Amino acid sequence: MKDGLQPLPVSDELPQALPTGRRNSPFDELLSPPGFDKMRGRLVRVFARRGCPIPEDLADETISRVLNKLPEVADHYQGDPIRFVHAVARNVYREFSRRPRTVSIEDHGPLEAASGDEASTREVVHTCLEACLSELDSGDRQLIREYYRYEENGKAERRRRLAADLGIALNLLRIKAFRIRKRLSLCAHDCAKKNDVEVK
Amino acid sequence: MDMNLEDSDGNGRTAELRAFLLGTLPEPDVERLEYSLLSHDGLYELLLAMEEELIDEYLCGSLTQSEASTFLAYLEKVPGGVRQIDFARDFRKSLETSEALTPTGSRWQAAVSGFASMWRWQRPAFAASLLLGVLALAIYTSTSRTGEDPFVVLTAGLTRSAGEVPTVTLSPSRRVVTAMLDLGANSHERYRATLRDADSRPIHVSGRLTASVIDRGVLVPFPLPLTGLEPGDYSISLDGETASGLYEPIQTYVLRLVE
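Heads up: the sequence lines are chains A and B, in that order. Mapping to numbering that gives the first Met the number 0: the first sequence position 95 is 94, numbers consecutive. Mapping to numbering that gives the first Met the number 0: the second sequence position 237 is 236, numbers consecutive.
Hints are computed from structural coordinates only; laboratory data are not their basis. Keep in mind it's a predicted model, so treat the numbers as computed, not measured. We put the CB at the ideal spot given by N, CA and C, even for glycine. Hints may contain errors.
Stated by the list, open to error - Heads up, simulated DSBU-like pairs for lysine-lysine below, C-alpha to C-alpha not over 30 angstroms straight-line:
(1) Lys193(A) / Lys175(A)
(2) Lys154(A) / Lys92(B)
(3) Lys92(B) / Lys181(A)
(4) Lys192(A) / Lys92(B)
(5) Lys92(B) / Lys193(A)
(6) Lys92(B) / Lys175(A)
To be verified - Here are some chain A residues the structure puts well away from chain B; computed CB gaps all over 10 angstroms:
(7) Leu66
(8) Ala73
(9) Gln77
(10) Ala130
So that you can see chain B by itself, here it is in the shape it has in the complex (with noise of 0.2 angstroms):
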């Protein structure tokens, strides 16, 4: 079955869409819409593509409450659609501080220059959740795991030649590993942790993270990306926030990368 996507503006079937989404479109092109999305694929998709735009348009409080609270209506009762709205929100985050969005230049350098940004835009605080402690529990009542354990227990004072130092394999299937930073005391209300190279370049940097207090010690998440990365010797150095908003060092981690 054939139907142009497009008009003349390339705008008007989207026009449609987006008043059949908010509410407003009349009742007799309700029904014409609903076979056509129920027939033409490509409409279908087009519709998926325009909840997404709305998402964002919501996200940045472009819609009004009556259009807000139509869609979100809707939203809710579409299977996956809150969680659509929670993706959006990351997305949104990752555009914005992503190195990925330098086109060019090393990894390293897309970090260095992405630093000052990430500061800009003050990620919301990140409370450590009870999640994250029962899990860092969970491993820290058992030795450093490392290999294919999605967290990985670092404590300071290693130092790369002692032959101690915690690996972690690299592998295509394995994007992110939560390194579990064994802070010993909690002495502040945030922190910020900064992985670097063996040349001691910054590489990523997450800020306002927070401690997770547990039985047997005081634990920062501090998720680490590890697309891109080569194996090799890393470290992390945490510092903690002052309350004049400046950061302080703390500790500083070694970690391994191997395939």
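Extracted from the complex, chain A is given alone in its bound form (with noise of 0.2 angstroms):
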């Protein structure tokens, strides 16, 4: 078994819906989608930043244990029903962090560039990436130059800079070159897919 932990015993199937006189209105939105799935990858991050190799089980596990437990609190829950969740996962945790461990946990290697069988692929990547770069308006285009200039020194504060022409806090900077960078992520990886390219 990969992780070396024992397998989580079988949670329940997580229920499609709560009959509407049983459900909360803080905790319907949560856990109604969208709001459901951005409750889970956030959960998902934060097993796997403890160390959980099953994020993904436990993220499940702790949204099936809350909506198990809704029509018991629903009626006289007070409060932010995001600690009731994160409260929750904390148990979840906890409960998962006391079962035996079975085999070792193998080290963490760096991980490696894609090999000869897959430097094709990558070249197909690139090449999406680079159509897709150029698909940029002129503004993101540049922004995202500046900001992932690749130099070992000054980079904070150029960007510091970048911010600060631009009229934008630091930070609002980051995320402004994290979604132009993802857009490129998906335009690449639909590009690929169109050119049969199997992207991991």
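The task is to assemble the complex, starting from two chains supplied on their own in separate frames and drawing on the hints.
Here it is in structure tokens:
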């Protein structure tokens, strides 16, 4: 077993929806699409950050437990429902971390670059990425070029200057650059798929 | 829910997120930050941005061994995490070599100016993959296919006037086509292909290409970015890399882009 830990007990399937009379509106918003996907994605990262080898399973377990608890708490729960979800997640984590390990966890080595067999695939992706970069409007292209310019020194200062030039806060610039990069990633992935390249 | 993502120097939040991702944040702070990440959209997005920045630092070798180990262990567990690393490698290479680095000037001027830097960076060797070989065989066994296919087989020696020029249809949704250059015989270990417009000006170049040897021939896959290209006639010159690292011309192929 890859993770070296005992498997989780099979949890109940997530209920599709609770009966209307048993639902609490703040939880409703949290646990219905698109709030559900957002919450699940964040929980996955929380568990991954804690070193859980099966973060998606634990996120599902957390949401499943919250949904199952709702009939009991819905009528009298006061406060932020996210606190409730977080508390359940912490319990799920504690239970998980107490489980016995049966196989030692292997050390992580550095992730390898693409092998020879993958190299042509990467070349197509790279070409797609060049095409996607050229499709950006000039402002975004200039921004991402400046933001991600690779150099050993002076990166922080350059980004600070860039944020000042644009008249925005540094963290807003970070998020802006991240969004452009994400768009490029989706564009390149889509392009590579159209070229029959299976991108992992 | 409102939360200020900035502090006095704009870095406090990111320093905390960085410590969170690298496993150095004290446990009480971890719990507090977890709750903030669950409840605050902007902070969560900043975490995703920090992931990308740490990936870049990892690829640059800026993370310590311990930091890299912790961060990679995290990324391996996050859905799509390994793909983020692959993308970051491509992204970095593209920013280094792409004509997008040239903010002004025409596409071919950018290509010319970027030509020298491309070779300076010496892109990694690209062995022809089995996948491409199999795909190439599938295409090669049929006739020269064009239109919306992701590949087009080009044979040397065709002339524009002969009316047999392979065509590729341009469309907004189609960004790349891979030209499979029919080589005849595998004469070199590596090849360089250059796309040129009707006036023989270079538009796009790929070096260190390798040939795929299949039952019925030898093909060199050459991915071409279509974005920004106008309909018209183009040529591709294929050069072979000699043992001394110089290039010698081998073949020229013609290609027509149509709308």
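**Prompt:** Can you name, in rising order, the numbers of the hints this structure does not satisfy?
**Reply:** Violated hint: only 10; rest satisfied.
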